[in-house]
Amino acid sequence: MGRIGKVPTGKFDFDIDAREKQIIGEGPRLAPLKLEEIGEDAMAQIQNIQSAFNLPHDTPIPDVSLITLRNPAMFSCQMAMGIELAGNGTIPGRERELAVLRLAWLAGAAFEWSEHVDIGKKFGVTQEEIDRIKEGSSATGWSEHEAAVLRAVEECLADQCIGDVTWETLTKTYDEKQLLELPMLIGSYLMTAFQQNSLRVPPKAGFRYR
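Each residue of the sequence shown is one higher than the one before, counting from 43 in the numbering used here.
Don't read these hints as lab results, they were simulated from the structure. In this text, a Cβ means the ideal position worked out from N, Cα and C, and glycines have one as well. Do not take every clue at face value.
[Unchecked claim] Okay, the calculated beta carbon distance ranges per label pair:
| # | residue 1 | residue 2 | range |
| --- | --- | --- | --- |
| 1 | Lys176 | Gly229 | 17 to 25 Å |
| 2 | Thr215 | Phe54 | 40 to 48 Å |
| 3 | Thr132 | Gln202 | 19 to 27 Å |
From just these sequences and the hints, can you work out the full model?
Structure representation (structure tokens):
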């Protein structure tokens, strides 16, 4: 039996106003760097991650990157992992974004959710599916494989482990590389949520979970 037992596969409700106050508050706890303070190497890394997510290079640099660049060595490691998962990953972009969005919702990560709503749409995730992600893997409309991807996220957060039934379902459609990659994808974005929530990085103007 898992450590937690009940896996939250259904709708996950939380007090949105209270959560936003907690993780956004009065703004970031550390100030973003100014563009003129960014070196050429760091800018090249930013452009690489933009390419990995199919974003134009003139896309505004989010505050979270400008804040994280205060620790350039750590930023470099984070970008390397992000580029590997998004640019070189074996999991299709649409499925990756389904997993990231479910993770962001369960983690109550406002910035991560807001960014990946837009990124997900670039990879074919519809608004109806984005709304359904809030309902979780047990919502009607998912394929068997999509439900297993979402359930893997739910199980990893609830029990730090993908369960047997979910794993067996994923083995029908994922190869060994993808099976190795999925837990790392979930863990990487959970780590990112920890950082963004703790830094109180505000989402884009006008964004609300609703």
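We went through each hint and held it up to the structure:
1. Lys176 x Gly229: 17 to 25 Å: Given range 17 to 25 Å: holds, Cβ gap about 22 Å.
2. Thr215 x Phe54: 40 to 48 Å: violated, 25 Å
3. Thr132 x Gln202: 19 to 27 Å: Holds - the Cβ-Cβ distance for threonine 132 and glutamine 202, about 23 Å, lies within 19 to 27 Å.
Violated hint for the displayed structure: number 2, the only one.
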